[in-house]
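> Here is how the chains run, residue by residue.
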Amino acid sequence: MIPTRCMVQAGQIADSTEAQLREDMKAFAEKSFGSEPFIQWVVVPENSGFTAAKPSTSVIVQMMSNRPLKTPERIEMLKELCDIWIERTGKSMNEVVCAVADPFVQDAA
Amino acid sequence: MPLYVCNTRKGGISDAAKEKIAKDITDIHCDVTDAPPDFVHAFFFEEADELPLGNNAAVLHGNIRFGRNDKQKAEIIDRMRASIHTHSGLQADEISVSISDTPASWVMEGGELLPEPGEEAEWLKALDQKIAATNSS
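Chains as they are written, first to last, in our numbering: chain A, 1 to 109; chain B, 1001 to 1137.
The set of hints was computed from the structure by calculation and includes no laboratory data. Beta carbons are placed, not taken as given, at the ideal position from N, Cα and C, and that holds for glycine. Don't take every hint at face value.
[Unchecked claim] Computed footprint of chain A on chain B, listed as stretches where at least three residues anywhere in the stretch have a Cβ under 8 Å from a Cβ of chain A:
id	stretch
1	1040 to 1046
2	1082 to 1094
3	1098 to 1106
4	1109 to 1119
5	1123 to 1135
Next up, chain B with everything else stripped away, as it sits in the complex (with noise of 0.2 Å):
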């Protein structure tokens, strides 16, 4: 979390932009969230029944955590627009990203409820001294 999902129409999007959105994706979240990059998840699709296109040739959709601003989430869905656009050549006009909250306490990686925003450099510090001492036993 968060998880970006993209649907766009057969052949919308090729997978050497798909790499380059993805990081887009990555780099514009933690920017504006401050969040770390393992936390983010950039899936993408072609005609997935899930996530319907309706008239737009692609549509991404962001569930996060809950607690962003509604200028955060206006700046992702800005920026994250134009990195579709930029990369794969469709129109602005026919890209929609729309964003979702869901409470930290509601999901679990790395066997931890996830962080509450802010909260993040604790939490991965303590994740990676679990996952050490996993492996070393």
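In isolation and in its complexed conformation, chain A is listed as follows (with noise of 0.2 Å):
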């Protein structure tokens, strides 16, 4: 399972979008990863959500590959899911932060 986070603000995603961006990280993340999202949809509340210190329209996702990937592999996963979300939800580029970190990494004892 690839730990999949979607931070976005309370009113501004309907239902259906939301469904719909969850089959979309689905495909997504079997495309990239050969495995499913373990998706955590995490609703920003109403008055709690500021980007520069304004109420923030901006949606945050944050996805943990499965292997270490190199940054040319990286941009062009971080390109599509991008252009995801600003599909589905009618946001502008700079309204969407999308995050694809490498696993953690444990100390060999």
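Join the two chains into one complex using the hints; note that each chain is given alone, in its own frame.
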């Protein structure tokens, strides 16, 4: 499973859009990582999200890869992920923040 | 990015206080790191499972770009704890603040990888031009 956290602002993403995005994320994770996402859909409550100290319209999407990624591959993934969210939500490119992290590396004991 | 997430007990921070703390978070982060305010996100939750409170009344976690030194992080932590204390009335020793780093190259905003610390001005200029070109096409 690919840990995935989608942080959205209350009232800004319709239920139908959320359902589409979940399907999109599933397809993206299966194609990119060969594994399904484990999605945490986190809604920032009303009056509780701020970007640049103003009410936020941002979405933040964070995924953790199941293998270390080289930069060119990560860039392609991030572009695709951002495009999915921009297209589905109608938000502008500077309202969509996406991150794909490498897996945690545990020190050898 | 940075993303600051604050979790409190129910009613721990009023909406009015959230606005003030969010402004302080933005100002403190920008003051200490020279990052532009447009990058700074501050989200508040109550009783959120993702950021356990433990014995604290409030927990603030900042996920910032890699490259800040320990002194900068310590200053951010101290000043943000003081802001939450001042505006919420919660006891300072019941407010836990922590920071973790994420490489800039792991994050995309505005359709571009985030700039490394210190390269923000050029990055923002290029982004403005990109958005202007998108809007005019």
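> For every hint, state whether the structure bears it out.
Hint check results:
| no. | hint | result |
| --- | --- | --- |
| 1 | 1040 to 1046 | holds (count 7) |
| 2 | 1082 to 1094 | violated (count 0) |
| 3 | 1098 to 1106 | holds (count 3) |
| 4 | 1109 to 1119 | holds (count 4) |
| 5 | 1123 to 1135 | holds (count 4) |
Of the hints listed earlier, the one the structure fails to meet is number 2.
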